[in-house]
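Q: Letter by letter, the chains look like this.
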Amino acid sequence: MITQPESDTDEALMLRYRAGDATAFERLYARHKGPLFRYFKRQCEAMVAEELFQDVWMRLVKARATYKVEAKFTTYLYRIAHNRLVDHYRSRDRRKEVSLETEEDSGQPLDPVASAAQQPDAVAARTEQVAQFAVALAALPAEQREAFVLREESGLSLDEIAATTDVGRETTKSRLRYAVSRLRAAMKEYQ
Amino acid sequence: MSTPPDELQFEEFMTGQSELSSLYARSSDELPPMHLDARVLGAARHEATLAKPADARVFAPFSQHWAWPMSLVAVVVLSVSLVVVVQTEVDSVGEPQVLLPSPLSVQTIAGEQSTAKERALPPAPAASSSTTLGTSSAPAPQDAGKDKRESGVAAAAPSRDTSTGADRLQDLREALVAPRSAPQPAAQTRLSERKSNAAKPPTTRSLSRRSASEPEKFTGAVRRAEAARHALASARANARVAAEAELRREEAGRILKERDTLTKQRAESERSMRSRAAQRARRESEKIKQARTRLTDNTTATGRADAAAPRAATSGTNKTDAARQVAPFVTAPPVQPDAETIAAPVDTGQRFTPASSNRAQPAAQAGASSTPETLKSELEESRSSTPPPAPSTLERSTSGLASGLEVIRDLIANDQLDAARRALDQLLTRYPEMQVPLDISAALEFAR
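Residue numbers (my numbering), protein chains in the order written: chain A, 1 to 191; chain B, 1001 to 1448.
Just so you know, the hints here were simulated from the structure itself, not pulled from any lab data.
Any given hint could be a false lead.
[Stated by the list, open to error] Residues on chain B that point at chain A, a partial pick, calculated with CB under 10 Å:
id	residue
1	Q1009
2	F1013
3	G1016
4	A1025
5	D1029
6	L1036
7	A1043
8	A1044
9	E1047
10	T1049
Glycine included, each C-beta is placed from N, C-alpha and C at the ideal position.
Use the sequences and the hints to build the structure in full.
A: In structure tokens form, the structure reads like this:
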């Protein structure tokens, strides 16, 4: 693992950008644009994911003057993303009368994102196993899927995921356990 | 119903060595489109170049709160300027000997300034200019003369630096010789102003010249002089008020002193009156005591007289006469000077006792201890004594009035005021035309 110098951490880059250094933001953006985009892409449609992705970065740009190093930058960034995603879910639920809050172990799969059939190019481009994994991931409940994606994309710890999603540590751990169990069950025939 | 995942599998996932992680990594290679990158990075650069650095804001606390320092600076500047202006005014007021222009010169200055304004105006119509030309002959400066030649407008001299007294006199003569067919009021005013200017002392004229050349400075001097005059007038008024206040204060002090003196005198008079009244009361009480004693003695003597009456009847005397002879001896006052000069009235026999009865008084006073033999001898003696003078002698006597007044005076001197008052009443009854002497009336009135 490559250790970042002190001046090259996310927090230092954000501080430099707050001081007016645009190149620091470019480096920060390059570092986090893929995971954040995939975070949204795993949970929303492609168009919505792009909109939310842009909106999160714009919010970060606007909030740079008031930025203080109080937590890890990744936690800060994904907290903004989570709030934005929740807003999106709420607005969509108001239209579709679909509740976002579902029982964690209800076993009822949500289909908030594009199904595998809606992404024929991606499915065709990957192997069958990867396609099946994507289908299984999309079939997870939203909370479990978000916790799994946060863990895989940004490498956040249980506490950081809990802080980002504004739930307790044990809740986060439970969500991750259920997500792992379901994914392993879905991928069992390929093992 | 799903069963809880295996703990080992979860631990493996958390360490990143799970097969699921590798599958996820293989399936997640999407990146945001290029137009999104360009849009986000462009917005970030724009924001970074537009706004000031946040650190600069942190180290410049007044950059966003400029109202406070600006207001502080404004207040300081205004205060300092105000103090400087006031100091200048005070210094200028304190300057001695500011040459005051006379009201006439001030009017002249005003007229000159208005004339200068007229000169600065465009040329007037020909009708008005011709009338002004006929009466105005003031020496004009070079440029004013030029204007006059060009426009035909009579320009009153705004600046007199180049004019001399001879020129002014010449102008005055011309103005007087000029026809007076239709003199305009303005022209007359100017003429009178020039006359007054010619008659002014050089100082005033130099002031006028200075006012024309430096109007603002001269106006300031005039204002300062006015301020000094006002200050002097107010100081005089204050001094006058202070003098009046001092006079009033002195008068009030004098009145207070007089009041104190009168109060003291009144207290003293009251004290003396009180002491005199106490003395009088003491004397009265002594008299009452003596009268009681005499009354007791009289009663005793009356009883004895009654006892001696049969014997007196044998000797041809009247009992009543004897009683009448005895009673006055008992009740009469001990001392009645010159009482024999006044014929005692019938009803006042007890007060104005005949002089002969005085001789029997000691015997009467000693009657309480006298024996019947001595009383008998006294009655014999009284029978043989001369009778009292008739009352008509007072009426006929011309000196009766003076004697009565003398008796009254004696009674007053002896502090027998009631007796004196009664005697005066009797005198007034007998002599209605008499006038009561002032000392007697004053003494009796004071006692009342």
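Q: Hint by hint, say whether it matches the structure.
A: Now for the hints, and whether the structure bears them out:
1. A hinted interface residue such as B:Q1009 counts as satisfied when its beta carbon comes closer than 10 Å to some beta carbon of chain A; here the least separation is about 6 Å, so the hint holds.
2. Evaluation of the B:F1013 hint against chain A yields a held restraint, the C-beta minimum of about 5 Å falling below 10 Å.
3. At about 8 Å, the closest approach between the beta carbon of B:G1016 and any beta carbon in chain A falls short of 10 Å, and the interface hint on this residue holds.
4. A least Cβ separation of about 8 Å between B:A1025 and chain A falls short of the 10 Å threshold, and the interface hint therefore holds.
5. Hint status for B:D1029: holds, given a least beta-carbon distance of 8 Å to chain A, under 10 Å.
6. With its C-beta approaching chain A no nearer than about 6 Å, B:L1036 sits inside the 10 Å limit, and its interface hint holds.
7. Satisfaction of the interface hint for B:A1043 is found here, the shortest Cβ-Cβ separation to chain A being roughly 6 Å, below the 10 Å cut-off.
8. Below 10 Å, beta-carbon pairs count as interface contacts, and B:A1044 has one with chain A at about 5 Å; its hint therefore holds.
9. Restraint check, B:E1047 versus chain A: the minimum CB separation of about 5 Å is within 10 Å; hint holds.
10. With a least beta-carbon distance of about 7 Å to chain A, the hint placing B:T1049 at the interface is held under the 10 Å criterion.
Going through the hint list in order, the structure satisfies each hint without exception.
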